[in-house]
Amino acid sequence: MQYSGGCGDQLAKWVIRGEPELDLFGFDVRRFHPPLIKNKSWVLARSQECLSSNYSIVFPHDEPLAGRGQRLSPLHQELEAAGSVFQERNGWERPGWFHSSPVPVLPYDYFGAYDHTPAHADHPYYSLLTQDNTFDFPVHHDVIQQECIACRERAAVFDMTSFGKYYLTGPDAQRTADWVFSANMTGPAGSTIYTCMLNERGGVEADLTVSVCEGGEGTACDPSFEGRGFYITTGGSTGRYCAKHILKEARSQGWLVDLEDRTEDLALISVQGPHSRDILQQLTHEDLADSSFPFSSHKTITLAGHSLRALRLSFVGELGWELHVPRDSALAVYRSLMDVGKSWGITNAGFRAIDSLSCEKGYRHWHGDVRPDDTPLEAGLAFTCKLNTQTNFKGRAALECQRKEGISKKLVTLTLEDGSRPLWGLEAIVRDGEVLGYVRRAEYAFSLGRAIAYGYVRRPEGGRVTKEFLSSGTWQLEVMGKRLPASLHLKPPFDPQNLRVKGIYGGQ
1 MQYSGGCGDQ
11 LAKWVIRGEP
21 ELDLFGFDVR
31 RFHPPLIKNK
41 SWVLARSQEC
51 LSSNYSIVFP
61 HDEPLAGRGQ
71 RLSPLHQELE
81 AAGSVFQERN
91 GWERPGWFHS
101 SPVPVLPYDY
111 FGAYDHTPAH
121 ADHPYYSLLT
131 QDNTFDFPVH
141 HDVIQQECIA
151 CRERAAVFDM
161 TSFGKYYLTG
171 PDAQRTADWV
181 FSANMTGPAG
191 STIYTCMLNE
201 RGGVEADLTV
211 SVCEGGEGTA
221 CDPSFEGRGF
231 YITTGGSTGR
241 YCAKHILKEA
251 RSQGWLVDLE
261 DRTEDLALIS
271 VQGPHSRDIL
281 QQLTHEDLAD
291 SSFPFSSHKT
301 ITLAGHSLRA
311 LRLSFVGELG
321 WELHVPRDSA
331 LAVYRSLMDV
341 GKSWGITNAG
351 FRAIDSLSCE
361 KGYRHWHGDV
371 RPDDTPLEAG
381 LAFTCKLNTQ
391 TNFKGRAALE
401 CQRKEGISKK
411 LVTLTLEDGS
421 RPLWGLEAIV
431 RDGEVLGYVR
441 RAEYAFSLGR
451 AIAYGYVRRP
461 EGGRVTKEFL
471 SSGTWQLEVM
481 GKRLPASLHL
491 KPPFDPQNLR
501 VKGIYGGQ
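Numbering-wise, UniProt numbering puts 163 at position 163 of the sequence shown, and it's gapless, one number per residue.
Treat the hints with caution; some may be incorrect.
[To be verified] Distance ranges between label pairs, derived from CB positions:
1. S224 <-> A332: 23 to 29 Å
2. R459 <-> T186: 24 to 30 Å
3. T284 <-> F469: 47 to 53 Å
4. K502 <-> K467: 24 to 30 Å
[Stated by the list, open to error] Here are the simulated lysine-lysine pairs, DSSO-like style, with alpha carbons at most 27 Å apart:
5. K244 <-> K40
6. K409 <-> K299
7. K38 <-> K342
8. K342 <-> K248
9. K386 <-> K409
10. K467 <-> K342
11. K409 <-> K491
12. K482 <-> K386
13. K491 <-> K502
14. K248 <-> K13
15. K394 <-> K409
16. K404 <-> K394
17. K299 <-> K38
18. K502 <-> K482
19. K404 <-> K482
Just so you know, the hints here were simulated from the structure itself, not pulled from any lab data.
Cβ atoms here follow ideal geometry from the backbone N, Cα and C, with glycine treated the same way.
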């Protein structure tokens, strides 16, 4: 009822035009994992918790207590024993950060209400959550810092099993990929491409990685099919959203494709850091050198005696590989990595570290830095668009028009000059005393020793936002009612030359 007017307006436009004008992901049924909404116990508990906390202060790293443990990685018990403080995303339990001792999430107790069950007398997980209920640095700020340092200086393992994993195949797979994905999809098998999917207005419906592949042996990581296929990896909360978008576009054109969901069948173990290649090379006969396994490529390999698909990618800005492992092999592969990696200083790390590392590197988060009402040109993602080819793709006309007219808003990178202050998002962005926008996403950049923020700005008088406009003026961020000096960066402030993802660490 509270949003009925606006939702009704957008729903009408959705019916008539095929898409809403605003970002409605928070209201989109595709954000739910179907088995969850059929689970009455989950719905009841989550609804009660949502209602009871409706007027509570929303802290940046709050997590639900209801309806937990619905989707578990094959590494879950191992990571729980290692002290993982889990986050919940789309039903998945994923590591947030690592405590010194196990902190399992206990069954929901309804806070002792309704005589349903007694409230937990001792709940270490909940106690750690309350330590995050602050707009200052949490007490475990240094723990997350150590995870980030381990990744930058040695090696870190991230369990990213919650990511969506799909194979796009069939007679019209290439045609569908050319239309749906903004990047050039004509590369050879073995290539991996970072790309966007756009709407008719050129807005970013998703960013994701797509690996060009051929049919294989019929396993979860190497399925058999005819012709060219595409292995798609999406963010953990957007898998179904992305899958439905791809199928909708293919069906509207009458194209014949299959989109096979392998999310539950494959674990995703990401090994990142300067020593990642040293560790992995001890477990495989596959040559991992740059000449045979370059950045943005993938292969099916045998590692620690198990077949898997390895993608040389990084979401943290380091030398590293994503290992897409059949579920039954995941635990053995993980244990082998941790055993061999001991001498290299390997450590577990969670998504709190990923958020910090990716932010200081300038990597985009969908629905934070980019949404369906932001275009790649505005978000600094023009390189993901095949505008220099003759291949048409959804949203191309809108982008060409915007490129000709110039952009009226631009995603900017700012760092606080005072390294002792945190940022959390929604802070005002100020240039020469005028508010030009607000922060979409912020993290503490441990490699820089200060907080970093991303947000879109517009000129007060309207018109194009140019490099010259951004380079001039004095910038500030309004933090807790105070305007603090900030520095604007036209390039990512960490490793702007992209040397580390190529394994080049000399002199740094």
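These are the hints, each one checked on the structure:
no.	hint	verdict
1	S224 <-> A332: 23 to 29 Å	holds (24 Å)
2	R459 <-> T186: 24 to 30 Å	violated (38 Å)
3	T284 <-> F469: 47 to 53 Å	holds (50 Å)
4	K502 <-> K467: 24 to 30 Å	holds (26 Å)
5	K244 <-> K40	holds (24 Å)
6	K409 <-> K299	violated (40 Å)
7	K38 <-> K342	violated (43 Å)
8	K342 <-> K248	violated (47 Å)
9	K386 <-> K409	holds (22 Å)
10	K467 <-> K342	violated (46 Å)
11	K409 <-> K491	holds (17 Å)
12	K482 <-> K386	violated (43 Å)
13	K491 <-> K502	holds (18 Å)
14	K248 <-> K13	holds (17 Å)
15	K394 <-> K409	holds (21 Å)
16	K404 <-> K394	holds (18 Å)
17	K299 <-> K38	violated (37 Å)
18	K502 <-> K482	violated (41 Å)
19	K404 <-> K482	violated (39 Å)
In summary, the structure is inconsistent with hints 2, 6, 7, 8, 10, 12, 17, 18 and 19 from the numbered list given earlier, while agreeing with the others.
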